[in-house]
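Chemist: Protein chains in written order, with the working numbering: chain A, 1 to 299; chain B, 1 to 77.
Worth double-checking, as some hints may not be accurate.
So, partial list: chain A residues that the calculated Cβ filter (under 8 Å) puts toward chain B [said to hold, decoys possible]:
(1) 40
(2) 116
(3) 117
(4) 120
(5) 124
(6) 137
Covered stretches of chain B, going by a simulated chain A footprint (3 or more residues, C-beta under 8 Å) [what the hints assert, rightly or not]:
(7) 22 to 32
(8) 45 to 58
(9) 70 to 77
No lab work stands behind these hints: they were computed from the structure.
Backbone N, C-alpha and C fix where the C-beta goes; we use that ideal spot for every residue, glycine too.
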Amino acid sequence: MLDLVIVGAGPAGMTAALYAARKGLRPLVASEDLGGQANWSSRVENYMGFKDIRGSELMERFAEQVKAQGVAYEEGRVARVERREGGFGVRTADGRERLARAVIVATGKRPRPLGVPGEAEFLGRGVSYCALCDAPLYRGAAVAVIGGGNAGLQACYDLLGIAREVHLLTDRLTADDALRRRILGDPKLSLHEGWTVRAIHGNGAVSGLVAVDGEGKEKELAVEGIFVEIGLLPNGEVVEEAVARNAAGEIVVDCACRTNVPGLFAAGDVSTACGKQIVIAAGEGAKAALAAADYLAFG
Amino acid sequence: MPEVTVYTTPTCPWCNRLKDFLRARGVAFAEVDVSRDPAAARRLVELTGERSVPVTIAGGRTIVGFDREELERLFPA
């Protein structure tokens, strides 16, 4: 039986791995990718020590630092973490199971879908959850970004240099002032505050969307691309029902990243830790590893 | 081994994973960066109807995204 399996290798999982290794544990990291959501950020300007760095580059540096500690890594999606005699079983999607005395769940979040007609049908054919990836395929096109948080405005930024016009639809703007100042004055950007998307339509590919404005009036926009940035859902389904979660589906943790199940810890965006930021996730990963080391030493 | 073409953008994390996967399996491929080549971007949309990257075209097959199962079938280890 292993001492510790860390599920997920974003900022929380990788920092947990580093701290666990430095505590003399031999953690195994199981994850479907290295970097997690941080990979999708085109510019990170709020991780201390780096004035401006691409998210994926920052995560490569995390990974290098973890690898230098000789941490074992298994690529593959983890399907389930369940209690077993003396610890936990960590089962990957291909059916293999690893047994560990303690587990840190750091599985992060995934994009929240709009849940409107046409969204699934036109995925990859006009509907995208990654402006950073797909923006170059919308050169000269009219596009819409849904969501007025930091990710939404970042998507606008990625698109403004490429698309002909960018429509930003949001129930309310919540993005940081620094991003608003950079983006909202751009002549190619039209802000539609108070609008809610009702449907996406097209024929083989997206041709437009239907929304309602703040007064309940139906509006149509002719766009070829729709970039959805309305927040995230926690990947908490990986743990069994006995593990406490809040109404949003986040795994409930105390100040040492302990869940209600002894030996099971959660860190970063999948947990109830306040603030979904790379720097916070990294800190939470460190806390979880220290708490797991304590648990393994003293119970 | 069929001729393999991969459409990518440099900022796309899935594109990097796809390229790592192909290299790890010793698959030779031609890469088309659609962010630098607007004509190729149009061609990709016309050919496949897809407006997302990565897209892998190999032996008449089109694989959209980093679809590990499909890729493993096409390029067994």
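Chemist: Could you run down the list of hints and mark each one as holding or not?
Modeler: Cross-check of the supplied hints:
no.: 1; hint: 40; result: holds, 6 Å
no.: 2; hint: 116; result: violated, 19 Å
no.: 3; hint: 117; result: violated, 19 Å
no.: 4; hint: 120; result: violated, 14 Å
no.: 5; hint: 124; result: holds, 4 Å
no.: 6; hint: 137; result: holds, 5 Å
no.: 7; hint: 22 to 32; result: violated (count 0)
no.: 8; hint: 45 to 58; result: holds (count 6)
no.: 9; hint: 70 to 77; result: violated (count 0)
Of the numbered hints given earlier, the model fails hints 2, 3, 4, 7, 9; all others are met.
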